[in-house]
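2 protein chains.
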Amino acid sequence: MDIMEQVTAGEVKRKGKAAKAASLKMVNLSTAEKNKGLELIAEQLLAQQALILTENAKDLQLGKENGLSDAVLDRIMLNEKRINDMAHAVRLLTELQDPIGETLETIQKDNGLSIQKKRVPIGVIGMVYEARPNVTIDAATLSLKTGNAVILRGSSSAKYSNMALVKIIHQALDKSSIPADGVQLIEDMSRETARELFRLNEYLDVLIPRGGKNLIETVIRESTVPVIETGAGNCHIYIDEHADKTMAEKIVLNAKLQRPSVCNAAESILIHEHWLRQNGKGILEKLAEQQVEIYGDEQVCSSFPSAKRATEEDWAAEYLGLQVSVKTVQSVDEAIAHINTYGTKHSEAIVTSNEANAEKFLSSVDASAVYHNASTRFTDGFEFGYGAEIGISTQKLHARGPMGLKALTSSKFYVYGDGQIRE
Amino acid sequence: MDIMEQVTAGEVKRKGKAAKAASLKMVNLSTAEKNKGLELIAEQLLAQQALILTENAKDLQLGKENGLSDAVLDRIMLNEKRINDMAHAVRLLTELQDPIGETLETIQKDNGLSIQKKRVPIGVIGMVYEARPNVTIDAATLSLKTGNAVILRGSSSAKYSNMALVKIIHQALDKSSIPADGVQLIEDMSRETARELFRLNEYLDVLIPRGGKNLIETVIRESTVPVIETGAGNCHIYIDEHADKTMAEKIVLNAKLQRPSVCNAAESILIHEHWLRQNGKGILEKLAEQQVEIYGDEQVCSSFPSAKRATEEDWAAEYLGLQVSVKTVQSVDEAIAHINTYGTKHSEAIVTSNEANAEKFLSSVDASAVYHNASTRFTDGFEFGYGAEIGISTQKLHARGPMGLKALTSSKFYVYGDGQIRE
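From first to last, the protein sequence lines are chains A and B. The first sequence begins at 1 in UniProt numbering and counts up one residue at a time. The second sequence begins at 1 in UniProt numbering and counts up one residue at a time.
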């Protein structure tokens, strides 16, 4: 290990240890104490706009020098409105119910033992994320609301913004009962600190990556700390033989076009061959009118000649833009099999008036959210009424689908006796 | 990759793919269909005792030739009673409530969308375990009861027994509606197959290791598949200043001695210095009378000279035998800090009549189960009334503490609309 690596090792371990120590105190914070800390953070964000904008300008300047695209620069960019939005989101969090302390199960044993399973904080949460500096505030305040300490590792392209935001959080927490050590930012952006964070099992209870496919795959591949996989959405709309034409078109256009860059947007349309023959042209024309490039199978291309032929890659693609793959199927079973082969277990919809086909689709498609006659765009913590969202889990363990505050909690058995021993 | 490795690679991928395909069918099995399959397994276990005993004898013979200890040979050994017990456990499973299909949450949106969060199988579960062949039956039947496919990788020392048991399971399932492919056994016991299983993210949803510390650490270090950590228990009993003498002795002796080889047995006793001065000698003598070796700090050793001095390793040790570490503390806070430093987050107890100290201990100690005035030996799926146990989770995600059937489930959002789109 050379000297630079030793310095590096120092930061992650030191901050991990401090976060762990803070988390052990944070389990006993009251809801009022946590909300007070959040309110102070919101106030400081508004009071220190000038500092935030100055530091953000440094990131933007460096980003331009490094040739970042306008889209990425826009994600990094903060302005008065965006800072106000961040502060507003923090204040909304104070109004949400505190999940900590909830009794999840009560077991009364014949021997007099009383067992209560209660909701508790997870401990220390690691967040690894890309460009947007507002994730720094989001992740920190959602963690604090649920009594968790957090270690943040943002993008190097938002380094100055993130440092300013965490400085503001620390100043706010210093006036509260929440230990400021409960929020840690990794400032050394080398690969070594990332690798160390991925293997910080001694102090970290979970890692949540938020960002593109590469980031998420790297975290899954390299982590020994448990990971909650968030993410990729190759979402399908299956238009059944028994689908209403108007409803199918409305749902497909919404799922594809309302916000094409997000994970719950549709990337692939499956159409029953009968429906395609009768109604297919209309929907394909409407997509094309909106500048959507269509990648179709043979039948689609022959009924709509301006479509290009889809390759194997298209069936698996998460375009996140104005492209869509379109495939003909002969039955709901073929649609289910296709989705279970190419889908990413995010959000999948069927449009049909046939209840049996709907039921089969919903129970057989393996995804975090399955829809009957509605757009996949609703898979979202706010739309589901959770009032917050730390990400959308596409894995099966711990949390699946939109993750609200409860996804940042664990449980603990409290056992009360008066001298019971096991016979 | 040489030819043997290619064959090896073939087995894990092929069985993983088959298990995944089976799991997609298994989500639609009814409770009656699953119970019928379990009943057939129980019947076949009893009907084919001769086969099981013949194959088990091969493992025992090889084990003797390989110089396995009597303790390990006893774990591998099956006899008529043990086979009857396995069949009985499978029949008990049929009586347990099926958790699949339970509605966990209902959300009614103003736009008419109806969202139901329902309990579903996880998908494909990987079990990696040591010696005991009964885990083969346990893991397979708990997985089937919850609609999951399972890939089993037992110990090479029980290879013939495991192959016989899985053959019997397959014969039983062939007469049921459960696809026999839902239970897969890895037969090639090389390191390569283990490594492949740890990275089988394409087909595996979770890995559960059951066994010693080395096995669990290897699985955590090498897996990219999500792992549920089970296991190690360095459990403490803290005897507070305000502890009843008789109760403290009864609990300590039970937690240490009722079954010293298991994870919820006590390994370390923390004693408040006032209590030690007044009552300590009695308890230390009683432990010594039962052949327990005592590793104490300076105060303990001076009040009980036959104790040996504890080292740093003793505070962290999971002895699983007739040894105990004993430390003097000056306060409940010191006890909490010691446990949060050396504990394994399994089961921790306080003996006291002081409610404030009890409350502080229970809320501040970071463990899956915390006890007030009771033995740690109760941390167990059967004792908690779950009727089954796949292991005891010592991590914070997904499941914590004894894992019953519900720990083998995930959830899925069913969203019902009539054409809703996002505005």
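It is possible that part of the hints are untrue.
Because identical chains cannot be distinguished in the list, a pair is counted as satisfied if it fits within a single copy or across any two copies.
As the list claims (entries may be wrong) - Below, simulated DSS-like cross-link-like pairs (lysine-lysine); rule was C-alpha separation at most 25 Å, straight line: (1) 118 to 167; (2) 117 to 360; (3) 118 to 406; (4) 406 to 13; (5) 13 to 58; (6) 109 to 250; (7) 109 to 17; (8) 81 to 281; (9) 36 to 360; (10) 117 to 406; (11) 308 to 167; (12) 308 to 36; (13) 117 to 81; (14) 25 to 167; (15) 117 to 17; (16) 36 to 245; (17) 213 to 17; (18) 175 to 17; (19) 245 to 81; (20) 213 to 286; (21) 281 to 109; (22) 64 to 308; (23) 308 to 286; (24) 64 to 250; (25) 245 to 64; (26) 175 to 281.
What the hints contain is simulated information worked out from the structure, not anything from laboratory work. Keep in mind the model is a prediction, meaning the values are calculated, not measured.
Against the structure, the hints come out as follows:
1. 118 to 167: Intra 33 Å, inter 42 Å, cutoff 25 Å: neither.
2. 117 to 360: between (35 Å within a copy, 17 Å between copies)
3. 118 to 406: both (12 Å within a copy, 16 Å between copies)
4. 406 to 13: Classified as neither: same-chain Cα gap 28 Å, cross-chain 35 Å, threshold 25 Å.
5. 13 to 58: neither (28 Å within a copy, 50 Å between copies)
6. 109 to 250: between (55 Å within a copy, 19 Å between copies)
7. 109 to 17: Answer is neither: 39 Å inside a copy and 43 Å across each miss the 25 Å cutoff.
8. 81 to 281: neither (43 Å within a copy, 69 Å between copies)
9. 36 to 360: between (48 Å within a copy, 23 Å between copies)
10. 117 to 406: both (15 Å within a copy, 14 Å between copies)
11. 308 to 167: Neither. Shortest intra-copy (52 Å) and inter-copy (50 Å) distances fail the 25 Å Cα cut-off.
12. 308 to 36: Cα proximity of residue 308 and residue 36: none, with 57 Å in one copy and 50 Å across.
13. 117 to 81: neither (43 Å within a copy, 35 Å between copies)
14. 25 to 167: For residue 25 and residue 167, only the intra-copy Cα distance (21 Å) is at most 25 Å; the inter-copy one is 52 Å.
15. 117 to 17: Result: close neither inside a copy nor across copies, 28 Å intra and 37 Å inter.
16. 36 to 245: For residue 36 and residue 245, neither the intra-copy (52 Å) nor the inter-copy (44 Å) Cα distance is at most 25 Å.
17. 213 to 17: between (30 Å within a copy, 23 Å between copies)
18. 175 to 17: within (22 Å within a copy, 56 Å between copies)
19. 245 to 81: neither (41 Å within a copy, 65 Å between copies)
20. 213 to 286: neither (30 Å within a copy, 60 Å between copies)
21. 281 to 109: neither (66 Å within a copy, 33 Å between copies)
22. 64 to 308: neither (36 Å within a copy, 67 Å between copies)
23. 308 to 286: within (16 Å within a copy, 83 Å between copies)
24. 64 to 250: neither (40 Å within a copy, 71 Å between copies)
25. 245 to 64: neither (47 Å within a copy, 72 Å between copies)
26. 175 to 281: neither (63 Å within a copy, 48 Å between copies)
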